[in-house]
Amino acid sequence: MEGSSFAARSVQLSFVAIVAGAWYLASETGSVSRLFLPPPREVIAAIERLVATQAFWSAVTVTLTTITKAFVIALVAGVLTGYVLTRSKLAMRVIEPVLSGLFTIPITLFLPMFILFFGIGAGSKVAYGATYAFFPIALNTIAAFSKAEERYLRAARSMGAGAWDCFRHVLLPGAMPVLITGMRIGFFICFASVLGGETISSVAGVGRNIALAAELMEPARMYAWIMFVILTSVTLNMVVYSVENRIRSR
Amino acid sequence: MNDIAISIRNVTQRFGGEGQADSVLALDDVSLDIRKGEFVCLLGPSGCGKSTLLNIVGGLFKPTTGTCTVEGRAVNGEPHPDKIAFVFQESTLFPWYTVIENFHIALKFQGIARTEWDDRAMAALRAVGMASFARHYPEQLSVGMRQRVNMARGICVGTDILLMDEPFAALDEQTRMVLGEDLSQLLAATKKTIVFVTHSLAEAVFLSDRIAVMTARPGKIKTIIDVNEPHPRSPDFMLESRFSELRNECYALLRDEIRATVAAQRDPQVAGS
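Note that the protein sequences, when read in sequence, are chains A and B. Quick note on this note's numbering: the first sequence kicks off at 1090 and runs consecutively. Quick note on this note's numbering: the second sequence kicks off at 17 and runs consecutively.
Check each hint, because a few of them may be wrong.
Cut-off 30 Å, straight-line C-alpha distance, at most; resulting in silico cross-link-like pairs (BS3-like, lysine-lysine) [claimed, not checked]:
(1) A:1236 <-> B:52
(2) A:1158 <-> B:52
(3) B:99 <-> B:52
(4) B:78 <-> A:1178
Some chain B residues well away from chain A (every beta-carbon gap over 12 Å; in silico) [claimed, not checked]:
(5) 95
(6) 166
(7) 169
(8) 189
(9) 244
(10) 261
(11) 279
Hints are computed from structural coordinates only; laboratory data are not their basis. Glycine included, each C-beta is placed from N, C-alpha and C at the ideal position.
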């Protein structure tokens, strides 16, 4: 187990090293124009300049606030909708296929509509991220609660468990693993769609700054922002996985 | 009639409305009295309604007609956890709780004070020789160990009546025999009233004071067989000629019912040709 995880880590790290090496060679030798791909040292210098500015931190704050709002809305609406639907066989038969059908539509199509409704500020990105993340959370909540096994409920009821006891000690722990998977997928979809929405059309935030740097022909600055997003999502991914494993192994 | 623990009177159970296409008559006018401290097996072919009858006694199902009284109190589709505990198959241990937490939750549901949880749980675990596995999760135990824990969970709540619904069905025959002996030992010490559902002939004869042999669906009680052998029973009982005679008697009674069950599951054309 230890050995294979070490081998996996080595392969992952060598992949990162190969990409970085290819980047270095391609840009330093001049085989790719500096306008498209500046060398790593320029990007690193741009990151250093960037984090020293007030504008950087205010953009990060805007984006994180937007993601948090969108995710909380998606989480509450998704879990409640999913749970309520599983309480009725009829609702499951009618509404569950509609939800999974809607999830196959690229919600990006509705971004202009959200901007129309909520303006070009953070509001439209909250609506967009929340709508996108709602579906995986609702669908996984449905999957989590509808596979609740009758035998556990019957055992609990025979021991005198009431409705709340059944929910707290049987339904919820049984649903937890799938519920958490839904939250993780929902969170990363939310993260991606808020940044994507900001890049396409907005007035502030990390995505806006990436688009702006590209428009102003400042590639080093653009890559600096992109590097920051990559590092953030890798870190978030590791944090979310460890939280997930901790809850699962309980 | 003060020594009657459970009294089942003219119980009929129909699933789905009468006259509807999917309506099934599971039990047809069943009456049975079970004395205090008695071990009664409900033996019958698959689908004969023996588990349904157990669920009615335990208050998990409400009978369509008829009544069931437990220690003088009517059970009418309401569980009585203070009087009755259930033991299902081993897979009803909650997999998200450790062994000891499974006991705690059972005692909590039963409304027993928190201060007693640990003592009761550990006493029950010691009785089945599983005390050192208290902190394990069910999936870390073998099937036989899980069922030992599951039986102990049913016993730890201290009810006078224990209803067991094919508790050993998922076990291999050898584990089943060992657990049957353990159960016989445990019960001899506690003097509980047990209703035990099984379709194993040997299990029924080995464990029971009386065996209620049921008919194919709709389930009725066909005959009641007495097994006059004191508890705890030793494995030697299985080697006695009386054991085989009783077993054969049960089999003779069941044979027609098993045939009827199988015939009902076949295509009508095939059965007719």
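Far enough from chain A: is every CB of that chain over 12 Å from the CB of residue 166 (chain B)?
Check fails; 9 Å does not lie beyond 12 Å.
Is the Cα-Cα distance between residue 1236 (chain A) and residue 52 (chain B) 30 Å or less?
With a Cα-Cα distance of about 39 Å, the restraint between residue 1236 (chain A) and residue 52 (chain B) is violated, given a limit of 30 Å.
Status of residue 261 (chain B), Cβ more than 12 Å from any chain A Cβ:
holds, 36 Å
Claimed clearance of chain A by residue 244 (chain B), with the beta carbon kept past 12 Å:
holds, 32 Å
For residue 189 (chain B), which was marked as not at the interface, is the minimum beta-carbon distance to chain A over 12 Å?
Holds, since 23 Å exceeds 12 Å.
Taking the minimum C-beta separation from residue 279 (chain B) to chain A, is that value above 12 Å?
holds, 29 Å
Do the alpha carbons of residue 1158 (chain A) and residue 52 (chain B) lie within 30 Å of each other, as the hint requires?
Measuring from Cα to Cα gives roughly 62 Å; hence the hint is violated.
Do the alpha carbons of residue 99 (chain B) and residue 52 (chain B) lie within 30 Å of each other, as the hint requires?
Measuring from Cα to Cα gives roughly 12 Å; hence the hint holds.
Holds or violated: is the Cβ of residue 169 (chain B) farther than 12 Å from all Cβ atoms of chain A?
Given a closest Cβ separation of 9 Å, the condition is violated.
Straight-line Cα separation of residue 78 (chain B) and residue 1178 (chain A) no greater than 30 Å?
holds, 22 Å
Least C-beta distance from residue 95 (chain B) to chain A larger than 12 Å
violated, 5 Å
Of the numbered hints given earlier, the model fails hints 1, 2, 5, 6, 7; all others are met.
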